[in-house]
Amino acid sequence: MSKTTGVQRGEPACSSLMMMLSLMYHTTMNPCIIATKTPSSDVPVFDYTKHPSKPDPSGGCNPDLRLHGHEKEGYGLSWNPNLSGHLLGASDDHTICLWDMGVVPKEGKVLGAKTVFTGHMAVVDVSWRLLCKSHFGSVADDQKLMIWDTCPNKASKPSHSVDAHTAEVNCLSFNPYSEFIVVTGLAEKTDARWDLRNLKLHSFESHKDEIFQVQWSPRNETILAFSGTDRRLNVCDLSKIGEEQSPEDAEDGPPELLFIHGGHTCQDI
1 MSKTTGVQRG
11 EPACSSLMMM
21 LSLMYHTTMN
31 PCIIATKTPS
41 SDVPVFDYTK
51 HPSKPDPSGG
61 CNPDLRLHGH
71 EKEGYGLSWN
81 PNLSGHLLGA
91 SDDHTICLWD
101 MGVVPKEGKV
111 LGAKTVFTGH
121 MAVVDVSWRL
131 LCKSHFGSVA
141 DDQKLMIWDT
151 CPNKASKPSH
161 SVDAHTAEVN
171 CLSFNPYSEF
181 IVVTGLAEKT
191 DARWDLRNLK
201 LHSFESHKDE
211 IFQVQWSPRN
221 ETILAFSGTD
231 RRLNVCDLSK
241 IGEEQSPEDA
251 EDGPPELLFI
261 HGGHTCQDI
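Residue numbers (UniProt numbering): 1 to 269.
Worth flagging that the hints you see were computed from the coordinates, not collected in a lab.
Watch out, some of these pointers could steer you wrong.
Straight-line Cα separation of at most 25 Å, SDA-like style, residue types lysine to any residue; simulated pairs [claimed, not checked]:
#1 K154 with D195
#2 K157 with R197
#3 K157 with E168
#4 K157 with S246
#5 K72 with D141
#6 K114 with D92
#7 K50 with N30
#8 K114 with G60
#9 K50 with L83
#10 K114 with H160
#11 K50 with L65
#12 K72 with K50
#13 K157 with D141
#14 K154 with A122
#15 K240 with T222
#16 K154 with E243
#17 K133 with E107
#18 K157 with T222
Just the calculated beta-carbon pair ranges, DEER-fashion [unchecked claim]:
#19 A167 with P105: 37 to 45 Å
#20 K54 with G108: 23 to 31 Å
#21 E107 with P39: 37 to 45 Å
#22 G59 with R197: 49 to 57 Å
#23 P39 with T115: 18 to 26 Å
#24 S178 with S58: 47 to 55 Å
#25 S53 with S246: 49 to 57 Å
#26 S58 with K240: 52 to 60 Å
#27 P31 with I241: 30 to 38 Å
#28 S134 with K106: 23 to 31 Å
Even glycine gets a Cβ: it sits at the ideal position worked out from N, Cα and C.
Build out the structure end to end from the sequences listed, making use of the hints.
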């Protein structure tokens, strides 16, 4: 995932493109296709090979596709790594939308949602289970972690709903090596690791403020990183949980804390 900023249709492009867009996600199956989150309810999608690298600053923002379905802005987007063109979006309107880019838009460059999932309050983040093409997870301001199945006869309600925390849940990430392990990041300054068969396994308390992003290493099943509004990115190794520490080492943090990256001036990392 990468982050940048952007604009709405008819607004100045280029310099504004670096100021207004919330998030930008490309699909691993076609990294030229980029979905974006903006302050509007739409999800603009771009094929960057069809746009100049230095657009006219006085021009407008013209995505190759606009995804409709939400009524409010949101934060989370997730491309399905196993099904080309399948994208999830989270929104403050309490819904999750699933779009299929393989469907021909009925009206020009506008594509409606294939499925709309309801069950949360304001939904903050969504993420596909990497080892299962039809399952995904979601977290929200209602403090819940939910697991969903996109199969038509199972999409009306979550297959699992967990009262995960005592504060809003801001993000989640599934382990790329285990279909049951997921980690969540919270507004209460902590992170939690879950086994969907046995619920919570461990809590991480190395941050000093809200956690807004969490990501597993694609190359090591026990390494993950958290970042948040304390201007820190913490890297942890789960295989070191519970190891003995000297008093000096304990002052630096728990044994699983490998590294702290600091130096950013912006609160949101």
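The hints, checked one at a time:
1. K154 with D195: Roughly 22 Å between the alpha carbons, so the hint for K154 and D195 holds.
2. K157 with R197: holds (19 Å)
3. K157 with E168: holds (21 Å)
4. K157 with S246: violated (48 Å)
5. K72 with D141: holds (15 Å)
6. K114 with D92: Holds, at about 19 Å.
7. K50 with N30: Holds, because 14 Å separates the two Cα atoms, which is no more than 25 Å.
8. K114 with G60: violated (28 Å)
9. K50 with L83: Roughly 23 Å separates the two Cα atoms, so the pair holds.
10. K114 with H160: holds (22 Å)
11. K50 with L65: holds (12 Å)
12. K72 with K50: Judged against 25 Å, a Cα distance of about 28 Å means the pair is violated.
13. K157 with D141: Distance of about 18 Å is within 25 Å: holds.
14. K154 with A122: Given pair K154, A122 holds - Cα atoms ~22 Å apart, limit 25 Å.
15. K240 with T222: holds (9 Å)
16. K154 with E243: violated (42 Å)
17. K133 with E107: violated (28 Å)
18. K157 with T222: Since the Cα atoms of K157 and T222 sit roughly 31 Å apart, the hinted pair is violated (cutoff 25 Å).
19. A167 with P105: 37 to 45 Å: Holds, at about 39 Å.
20. K54 with G108: 23 to 31 Å: holds (27 Å)
21. E107 with P39: 37 to 45 Å: Because 23 Å falls outside the window, the suggested range is violated.
22. G59 with R197: 49 to 57 Å: holds (52 Å)
23. P39 with T115: 18 to 26 Å: Holds - the Cβ-Cβ distance for P39 and T115, about 24 Å, lies within 18 to 26 Å.
24. S178 with S58: 47 to 55 Å: The hint (47 to 55 Å, Cβ to Cβ) holds, given that S178 and S58 are roughly 50 Å apart.
25. S53 with S246: 49 to 57 Å: Roughly 52 Å apart at Cβ, these two residues keep to the hinted range, so it holds.
26. S58 with K240: 52 to 60 Å: holds (54 Å)
27. P31 with I241: 30 to 38 Å: holds (34 Å)
28. S134 with K106: 23 to 31 Å: Because 25 Å falls inside the window, the suggested range holds.
In summary, the numbered hints that this structure violates are 4, 8, 12, 16, 17, 18 and 21.
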